[in-house]
Structures are given as C-alpha cells and as structure tokens.
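Participant: Got chain G; can you put chain L on it based on the hints?
Chains as they are written, first to last, in my numbering: chain G, 22 to 346; chain L, 2 to 116.
Rather than coming from a laboratory, the hints here were simulated on the basis of the structure.
The beta carbon of each residue, even a glycine, is placed where N, CA and C say it ideally should be.
What you were told as hints is all true, and nothing was included just to trick you.
Okay, the calculated bits of chain L under chain G, using three or more residues with CB under 8 Å as the criterion: (1) 31-39; (2) 56-68; (3) 71-82.
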Amino acid sequence: MEAIVAESPKGGAWSGGGNQPFGSSYGKMMMWFFIMSDALTFLGFLGAYGLIRFKFIDSWPIADEVFTHIPFVHGDYPMYYVAFMTFVLIFSSVTMVLAVDAGKHMKQGKVILYMGLTIVGGLIFLGSQAWEWKTFIHGSYGAVALNDGKIVQFVDASGKQVTLESFKSDAPSERIRQTKSNGIWFQSEASLPSVTLKQVKEGFAKHPEISMRTELIDMDVKEKTILSRDEANELLTRATHVVEGANLKENEYGKTLFADFFFFITGFHGFHVFSGIMINVIIFFNVIIGTYQRRGHYEMVEKVGLYWHFVDLVWVFVFTFFYLI
Amino acid sequence: MSHAKSHTALIWKVFGFLSLITIVEVFLGISKPKSLHLTPFLGTSLLNWIFLILTLVKAYGIAWYFMHLKDEKTGLRRAIVWTVMFLIIYLVFFLLFEGGALNDILNEWTRWTYS
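Isolated chain G, as found in the complex (with noise of 0.2 Å):
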C-alpha cells in the first residue's frame, strides 16, 4: 500500500521531475482545489439561500424563535446550543491544527492524541446536528396551515407563543391514523397530528386571551404580526390543518423553503462532516501502525487537516446565516 504520490514529493505525480509549484506538493495543491470548489458549492447553496430571504423579506421565520431548545431543559433559549456546537468544531480544528505542528516534528504519540481527540469532537458536532434535526422535525408549539400554505402560530396576551396543547378543546378526534394493516389498499400515512383542527378552534373560541400571529414581520420591531381577534377569528375559517413540526412540505415556524434550505444546508454540511469524520479515522489508523513516521514526514495529516478546517469553516457561515442575521 505505497501512496505513490505522497511517497516522492519531488517528482512522479507532477511528471515533470523536481518541479514543485509554489513549493507545494502535488497532493496538497489539490486538496486546496478541492476545498475552492467545495467552497463554490456552498457558495450556491447559500447564495440561493440569500437570494430566497430577500425574496421573502418580510415573511421570513426568525431563526431565534426556531432555534430555542437545550438538551435535558425546558425553556426558551436561543441560540445557545448551536453556539455550543460552533465551540465544539472550532476546537476540534484547535486539536487538529495541534496534530499537524506535532506531526512536523515527528512526535508520533502527540499526533494520535489530538487525531483522536478531533475526532471525537467531531462525533460530538455530528450528535448535537442529529439532536437538532430532530428538534426541529419534532417541532416545540404547533400551528394551523391556512388554505394557500400560509401558516399562523397562536399567542397569549402577552405575545408569547403558545402550544395548541395549551388550550385546545377536548373533541373527540375525527379520524384514526390509516396504517398499512387496516388499510383496503397497501397505503399508509405519516402520523396524525397530536391535535385536532377542531380542537383547535373550539379551543380559540373558549379562550379569548389567545391570539393568532401571522407571517408577516413588522419590520418597525423586526417581529412577527399579531391580529386582533376578529381578524384571527376570519382567518381561522380559512384554516385547513394543523401544522406540527417540519418537513420538507410544511414548517410549522413558517415558510417551508425554510425548512427546506435548513435540511438541505446543515445535512450537505452535516454529510461532510462524517465523511471528515471517515477520512480521519482511517489517517488516525495509519499514524498509529506508523506509517507516516517510517515515511519520514505527515504531510497526510496535515491534508486531512486542511479538509477539516474547511468543514469548521463553512460551518462559520452556516452559523452567521442561519442563525445569526
């Protein structure tokens, strides 16, 4: 299993004998081209992420009421989990940085300790990104599609949100989940919301401190709207399903090409993650059996570590866009 490039910096791979452009080895100069049109790809993602919110300006969800949960805790508060992970990449960047200066002085058990240590850190993101995804999936109050997908969410009197749990009528459901075993035909359908439409009107009819919060942002505040409840009385007839959670065909927080890019975005990021993850393990492996030391130099660490860096650096920008602005 001799790498034919890495073996001979001078030579083979860039055929012509000894050249090494701008002092960089055939490997390395590529894993940086690599990681520009990785970069690109991004780029696109974001960019169209970008375009989309300006297109949707003023009806676009605020990522801090989407983002508010911790694991083990009840309550609202945003943002902190997802710092926790940026803290959590930037510092496996940290002990990878670390391996690659141990690994130019040739101190084999220094490198295997903060290899393993980045890919630890690295498990621990991607487990915090699932954690999330679910999180979000799951959904934290609940809302009501109106009849041309727009979405309205329920507030008490002091513009808190509140879950349709909350104040819902006891009615009895309307109808039972349809499953493949008592099914005419081999169909079957996602679960049932845990609340009924009825419910929920019922509930809003006996409850007149509730009030309904549209889409749309009052950009004087920078906050969603909230109606009066005549208004949100009329908008209630409109009303056409309960909402819980999201998907990639309804966000229960509002526009679904939010949810979409938020899958879409944080899974390609999540996805290079592990493959990050893949790529370091099986370089850890080799550190360990020794390879590199009986090559006489890491510079497949350092490589790898290149990649690394770029995944922490999206992440960089994923956190600003997604989270942040």
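Facilitator: The following block gives chain L in isolation, referenced to the frame of chain G:
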C-alpha cells in the same frame, strides 16, 4: 514543513480570538440591541453588518492560521483567496440583487395580504 518551530502558543492564541468573536456574536444575537438591530444600513441592519464582518474575521483566522495560508507562498495564497473571493462577491451580488428585485416585483402576490 520547512520550519521546525512549534506554533502551539500561536494556535491557542488564535483559538482564544475565535472564541471571543463567537461569544460576542452569540451575545449580540441573543440581546439584539435595538439601536443596531433596527438601524438600516446598506440594505440590511447594522447588526447584520457586524455579524458579517465578524464572520469574515473568523474565516480569516481559520484560513490564515489553521489552514496556514499564511505560511504558503504568496502565489498559491492569491490563487486560492482571490479566485474564491472574486466568485463569492460576484455571485452574491447578483443573487441578492435578484432576490430584492423578486421581492419588489412579486410582493403583491407573495406577501401576507389578509390584513
């Protein structure tokens, strides 16, 4: 690979710097000071511009010190950074401009029209 000097101290310094920026970002993101959040500036709020600049500073820190672009030859560094920066600015300018135009044109049909 040419230098044998260890960069450990510098690495931790950069880490502290990046952490500090992240903390500032999160703090501003949660508190959203009205004076920044509600002040429009060049197409978006002042707060968003601060986030954007802090993000670019962070990206610089990662690329220059963690990906050690700083130690690469000037030619390689420029080939990478200038190319990507040019394409980013180019595409982002047109996409955001187009997004704004779509909003202007389609607003009548896409905005919240009930109230």
